[in-house]
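Student: Chains as they are written, first to last, in numbering that gives the first Met the number 0: chain A, 0 to 274; chain B, 0 to 272.
Derived by calculation from the structure, the hints in this document are not laboratory data. A couple of the hints might just be wrong.
Claimed, not checked - Pair by pair, the computed Cβ-Cβ distance ranges are:
1) B/K24 <-> A/I149: 37 to 47 Å
2) A/I149 <-> B/Q22: 39 to 49 Å
3) B/G185 <-> A/L248: 36 to 46 Å
Unchecked claim - Selected chain B positions facing chain A (Cβ under 8 Å, derived; list incomplete):
4) T167
5) T171
6) P173
7) G241
Where is the CB? At the ideal position from N, CA and C, for every residue including glycine.
Letter by letter, the chains look like this.
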Amino acid sequence: MGKSESKIIVVTSGKGGVGKTTTSAAVGAELANRGYKTVVVDFDIGLRNLDLIMGCERRVIFDFVNVIQNDANLSQALIKDKRVENLYVLPASQTRDKDALTKEGVERVLADLQKEFDFIVCDSPAGIEKGALMALYFADEAIVVSNPEISSVRDSDRIIGVLNSRSRRSEQGKEIKKHLLITRYAQARVNRGEMLSVEDVQEILAIPLLGIIPESPNVLNASNRGIPVTLDTPSDAKRAYQQAVARLLGEASSDDKSWISKIFAGIQLFNRSPV
Amino acid sequence: MSLSTPTQSQHTASQPNSSSVFQLKGGLYTLTSLQLLSNDLSALAEQLDIKLQQAPKFFHNAPVVIDLIKIGSADNNINFKQLKEILSSRHLIPVGIKGGNSEQHNSALAQGFALLSETSKEKEVQKTHTNTSASSSTASSSSQSSQNSSYPNSLEEDPDEAIQGSNTRIITEPVRSGQQIYVRGGDLLVLAPVSHGAELLADGHIHIYGPLRGRALAGVTGDIHARIFCQSLEAELISIAGQYKISEDFEKDAWQRAVDIHLLEGRLQIREL
């Protein structure tokens, strides 16, 4: 792939447990599969999960904080994925905490990563404090992950406000391109009025829809085996993530309404989730 | 929960046994301000006399604020003793000054004038006046030569007049949860939805061309005539001049309707539009 400008994409949500790490792994792996040199960076210092989801927890020697503090260089900390060419992981420290992250340190590491990689996917921790702020500060684009339920949507709204006001781009008068990814979507529950519909979520968050990932047992199975969803056996969730990445790369047209119905058609077809 | 606005705090003197002789209260008063455009006090005396002849009763014993914003640059010295005499001999009661530089403040205080605060807009205006003289004084070594540049460029095209238009803030992007917007001395116009957990505050009116799901507080410095308008009332809290209602107070009546909220005889009214 031709080396054009490197992009930093933050995967954030505000709320915990909605699927940020699952999404970071899935999107990172799919981008690498398509030929882009991609690194997924874990910003959840002290509560690291990315290495588990990516299946490389037994190969972690040095981590993000080691590189910031110059105890190791980037090439020593980066873990190359064994399944996909072009895919790398920069794990977080488990023994330290968010205070070990400094703006200068993060800036330096990201700048070094930008020299080598087409895409830098930043897996943000939950919340709106230092770890989350560091993850989003340098971002060019953001994937806002939200479950179709009120507390998740409320927190996503808050994090969008933070993206608009506490990022480097906002300080420079520029915008971070934001994408909405709805995860754990269950049509039956929406029909029963237990979950918010896509329209409800969009009305509140008012950012372009990137994709809808259905609730799927495959997600749990994949993370248990340390395989990103998009590298696993075909499933409804895998298809949805692949479509989302296609849209992220600008391949699908965002104006044609039919893509949403295609997703819903796909969901009906594979809807095996026990609701 | 009590929502006391900044100027409405009440304190009582702490004399535990005897009955209190005084109470300190906040109050809001409208005063005429006399904006000085020059420090030439003799010319001021002459021109004042002409002006006062036009409406003598109106200005008789009027309390005035002396506005120094336009002459706040370093070389505009004012003899506040003389100013006080000029004003009182014409039955104007100077209450205090606003704007101006620290030298002027010190002289004014020495003569018994109070220092009143300016709005942030007025501070901006003052800055442009002090900056024009400051930049010319760095160009020339002596401060005398900067005297003329402290005046506005010409009396006809005073650029500050444009600034003193309406103090309305217009917001076109959704107001997100956790965001707080305060419009001092003016109205707020929002052309997008206001999320749960967002807070809008204004000294004047608040208009929301969209759903209001957060909190809106109008007339926060005590304007009982301030109103809140929105296209869909889904608010957590609404308040005008400190009188508030929370969503359970109006859930049944005007929920998700387009409304005009105002005070009538001190009570919040929600009228469907």
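Student: Out of the numbered hints, which ones does the structure contradict?
Tutor: 4, 5, 7
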